[in-house]
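Visitor: The residues making up each chain are set out below.
Number of protein chains: 2
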Amino acid sequence: MTKRPVLDFWYEFASTYSCLTALRIEAAAEAAGVDLRWRPFLLAPIFAAQGWTSSPFNLYPNKGRYMWRDVTRRAGRSGLAIVRPEIFPQNSLIAARLALAGREAGWMPGFTKALFRAQFCEGRNIAEEAVLTTALREAGADASAAFPLSRSEEVKGRLKAETELAKSLGIFGAPTFVTGDGELFWGDDRLEEALDWARDGR
Amino acid sequence: MTKRPVLDFWYEFASTYSCLTALRIEAAAEAAGVDLRWRPFLLAPIFAAQGWTSSPFNLYPNKGRYMWRDVTRRAGRSGLAIVRPEIFPQNSLIAARLALAGREAGWMPGFTKALFRAQFCEGRNIAEEAVLTTALREAGADASAAFPLSRSEEVKGRLKAETELAKSLGIFGAPTFVTGDGELFWGDDRLEEALDWARDGR
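Protein chains in written order, with this note's numbering: chain A, 1 to 202; chain B, 1001 to 1202.
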C-alpha cells in the first residue's frame, strides 16, 4: 500500500474561520484521500509580536463587521447557523491545552468540534469549565483525567512548542494548512486547494 | 426584456488581488448574466484612517510573503505568470484618475486590464507616464486628451467622491464586490459568490 498524504490543520479555538473548517474538514479530507493532523495553537502571541493587542476583527471594525457577515453566509451553505458569542475573541488557552492532552487518546478532533459548536453555534464561552467539560464528554473523554493532564508541564510545553513551530513556519492566521512539502494555505476558503496540493503536489 | 443584475467591482490599481479579478471578471460576469460597473478607488486613505502607513503586506512580512505565493498560485491556474514589481505598493493616483476619465468613453475596463498586466505580469511602474500611455493606447484611448482630462477638477472630484463612497459602504480592502441589494464580498476568491448573489439574491 502506498502511504496516504498528510495535511497539517493548524487552528485557533477563538477563530471563527477555524470553526468553519473544523466542522467540515474530515469529510473533505476523506474524499481527497488525505490524512489529517489536528494542530491547535495560540494566535495571541503571534498577533502580539506584530503589535496587535486583540483580534484584527476588533481592531478594524469594518473588517470585523464583514467577517461576521461572511462567516454567517459560508456557514449557511453547510446548513449551520452562527450564533455570535457575547465575548470575542475568547480566551482559548485552556481549550488548546485540553485538546493537546487528548492527542494520543484520539479524542482531540471530537473535542475540538464539540467546543467550536458550543462557541459559535450556541454562543457559549469556551473559557468556562462547564462548557469545556460538556465538550470533553461529547468527545468521550474522561474530564476528571483530562483537566489535570492539561495542567501538566508536559502538555503546557507542548502548546508552547506548537505555537513556536507555527510562528517559525510563517503562520500568521488561522486556519492554516501545511502540506508535506511545506506549502502554506491560509483560510477556510483554501481548504480544497490545500487538499489538492497534498494529494497531487504542485 | 428583464433588466440584468448589476455588480459593482471596486478595485485599487496597486492591489495584486484586484489584478487577478480584473483579468478574469468579464468572462465570469458574462457567464453569470450579470452586468459590471468598474469602480476604481484609492485604498491609501482608508488604510491611513486605520493607522496603516503602507500596505498590510509590507507592514506584516509573513502575510506579505504568503500573499505573493498565493497570488502566484492563483494566477497560475489561469495561465498567468506574476512578475513581482520592484516597487510595492505603487502610487496609483494618476492611474485611478485616468481610469475615471475614461468612464463615459468606454475604455476604462481595457485601460484597467492593460495597466494591471503591465504592473504584475511585466513588473512595470504604473506611476510612470510611459507605462500609462502604453496602456491608454492598448485600450484605444487618445492619450493626449486623456491626461489633461484626468487632471481636471471634475475627474479629481470623481475619484475623491468614489473613495468616500467606498469608505461609507464599509469597504476596507480590494477587490470588493457590492450587489444591487448592498451585499459586500471581499477578495478575488469571493467573485463567484458575489456573482451568484447578484443574480439570485440571498
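Rather than coming from a laboratory, the hints here were simulated on the basis of the structure.
Be a bit skeptical, because a hint or two may be false.
[Said to hold, decoys possible] Listed next, the stretches of chain A that the computed footprint assigns to chain B, with coverage defined by at least 3 CB atoms under 8 angstroms from CB atoms of chain B:
no., region
1, 106–118
2, 165–176
[Stated by the list, open to error] If you want a taste of the chain B side facing chain A, the calculated C-beta under 8 angstroms gives, among others:
no., residue
3, Lys1003
4, Tyr1066
5, Trp1068
6, Ser1168
7, Phe1172
From the three backbone atoms N, C-alpha and C, an ideal C-beta is built for every residue, glycine too.
Visitor: Each of the hints needs a verdict: does it hold here or not?
Guide: Quick rundown of the hints versus the structure:
1. Taking a C-beta to C-beta cut-off of 8 angstroms, the region 106–118 of chain A contributes 0 residues in contact with chain B, too few for the three needed, and the coverage statement is violated.
2. Residue count for the region 165–176 of chain A with a Cβ under 8 angstroms from a Cβ of chain B: 4. That meets the three needed, and the coverage hint holds.
3. Interface hint status for Lys1003/B: violated, as the beta-carbon distance to the closest one in chain A is roughly 25 angstroms, over 8 angstroms.
4. At a threshold of 8 angstroms, the smallest CB-CB gap from Tyr1066/B to chain A is about 6 angstroms, leaving the interface hint in force.
5. Taken as an interface hint, Trp1068/B does not check out: its beta carbon lies about 12 angstroms from the nearest beta carbon of chain A, beyond 8 angstroms.
6. For Ser1168/B, the shortest C-beta to C-beta distance to chain A is roughly 10 angstroms, which exceeds 8 angstroms, and the interface hint is violated.
7. Given the 8 angstroms rule on beta carbons, the hint for Phe1172/B holds: about 4 angstroms separates it from the nearest Cβ of chain A.
Comparing the model with each numbered hint stated earlier shows that hints 1, 3, 5, 6 do not hold.
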